[in-house]
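**Q** Listed below are the residues making up each chain.
Number of protein chains: 2
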Amino acid sequence: MRNIAMLVSYEGTAYHGFQIQPERVTVQQRLVEAIFKLTGEKAHLHGSGRTDAGVHARGQVISFQTGSTIPTDRWPAAMNTELPSDISIVAAQEVPLAFHARKQARRKTYRYYIQNGRIPNVFLPYVFHYPRPLDVERMHAAAQLLTGEHDFTSFCSRKSDKASHIRTIYRADCVWKPSPFDLSGKSEQIEFSITGNGFLYNMVRIIVSTLIQVGDGRKSPEDLLFILQQRDRTLAGPTAPAKGLFLWEVQYDELHFDI
Amino acid sequence: MRNIAMLVSYEGTAYHGFQIQPERVTVQQRLVEAIFKLTGEKAHLHGSGRTDAGVHARGQVISFQTGSTIPTDRWPAAMNTELPSDISIVAAQEVPLAFHARKQARRKTYRYYIQNGRIPNVFLPYVFHYPRPLDVERMHAAAQLLTGEHDFTSFCSRKSDKASHIRTIYRADCVWKPSPFDLSGKSEQIEFSITGNGFLYNMVRIIVSTLIQVGDGRKSPEDLLFILQQRDRTLAGPTAPAKGLFLWEVQYDELHFDI
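Those protein sequences? They're chains A and B, same order as listed.
So the first sequence is residues 26 to 284, counted in this note's numbering.
So the second sequence is residues 26 to 284, counted in this note's numbering.
Think of the hints as simulated: they come from the structure by calculation, not from any bench.
We treat Cβ as the ideally placed atom computed from N, Cα and C, and that holds for glycine.
Each hint should be verified, as a subset may be incorrect.
Covered by chain A, per the in silico footprint, the following chain B stretches (three or more residues, Cβ under 8 Å) [said to hold, decoys possible]: (1) 28-36; (2) 51-65; (3) 77-91; (4) 143-153; (5) 171-184.
30 Å max Cα-Cα, derived DSSO-like pairs, lysine-lysine [claimed, not checked]: (6) B:268 - B:128; (7) A:128 - A:211; (8) B:268 - B:202; (9) B:187 - B:128; (10) A:268 - A:184; (11) A:128 - A:187; (12) A:268 - B:268; (13) B:62 - B:128; (14) A:62 - A:187; (15) B:187 - B:62; (16) A:211 - B:268; (17) A:202 - A:268; (18) B:268 - B:184; (19) A:202 - B:202; (20) A:67 - A:187; (21) A:211 - A:268; (22) A:202 - B:211; (23) B:202 - A:268; (24) B:128 - B:211; (25) A:67 - A:211; (26) B:211 - A:211; (27) B:211 - A:268; (28) A:202 - B:187; (29) A:211 - B:202; (30) A:62 - A:128; (31) B:128 - B:184; (32) B:128 - B:67.
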């Protein structure tokens, strides 16, 4: 047996998230089906983590063991012939048998895109359109209060089944990002990027909606700090829509894809 | 009566082009329906030109006369409440009664996007994915041969009903363009931008596919010049897919939208 890791992009709109569930179409299911078509094996496939329904991944990482003799560098093209057009294998690499895409993940980066302005941009399908003006510097200042090790219970779905809600955020940045189709004559897209050692259920989306409340003046950066300290989900904002969220990158100590 | 000009963006995937036709859903039809809902008037609406089925517009310009008293600056938001999410009014301006969006158009710019590389990028819906390597500098050099006044019969659908196929191209540029979701580690998107005093039926898409043949080595820049001189549609490439094409900008002598 060989252990294969792959870098996977998917456009999550059509899927009920990453993880296999009964009677729902998921990304993991499509990946397992493609491997079956190529090898006849029912692979036991690990992802670096789940993504929710409608969430996208630029750089999800998966691993699975196979007895197939397909050369590693042929796997991406072979898989892409079997996968639907909204899932793409970007790279593949053989890894030690002990490698596990979830257990060995060290750092994850998520990004969230907000289109800000009165007029919706029809060419930005992967954004949350928020029409009221947002103060991005104020949002960025508030995001800095989240860095470090904290209990993120206030920014976590009550459905979380994790024993500990303590996570470490290494960095969090909120910046204007030019849109390639911008007609407004000024920047209209905000990129929120957050890197940590792990993320709780809905955590990034709850942080984003709370930062939006800071950006439009409903809350102050100090309010954000208070919410964090209270460990009370009801104090933070709602869960921002899935369509603006990307699992951007997963980092490992010893895995680097050659692309 | 007042004459109103509007700047319109649309994502063309769902439409059988701009112009109204029987039993097909078109952008013009949706615009006329939205005006009817707001004013009760069946507007006689002009576009700067047609776009084909599946072609997008970043900056289409329309004009129509109305007896409505809706203030000009309220038109975009009012229209956007009545339009589907893939059509958006970006700006509106009152213009002299004699203004006509097609007849007064002086220069048009189209852009075409090619994603070049073996791995399809699932986040670039508005590109033609061409997997074989392309030499962009060679394509750019060939594109320069198209500038100036020429008879573009070789680069025009045989269905064209225009009396003259002579058009002037002011500039044509082929460049690498960074993709916001690039995972390949290198540029993977090519932008072709062309500005002229007018374009014939399928002209940009036929030019693009011929430039791709130059870029992958099947044709030389000199071949392109020969094809142009022969005025023979069979010598040029096929018609590139609609999904990568945008009507980018339309310029007028006396209309400038305030956005």
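**Q** Give me the numbers of the hints this structure contradicts, sorted from smallest to largest.
**A** 2, 5, 7, 14, 15, 24, 25, 28
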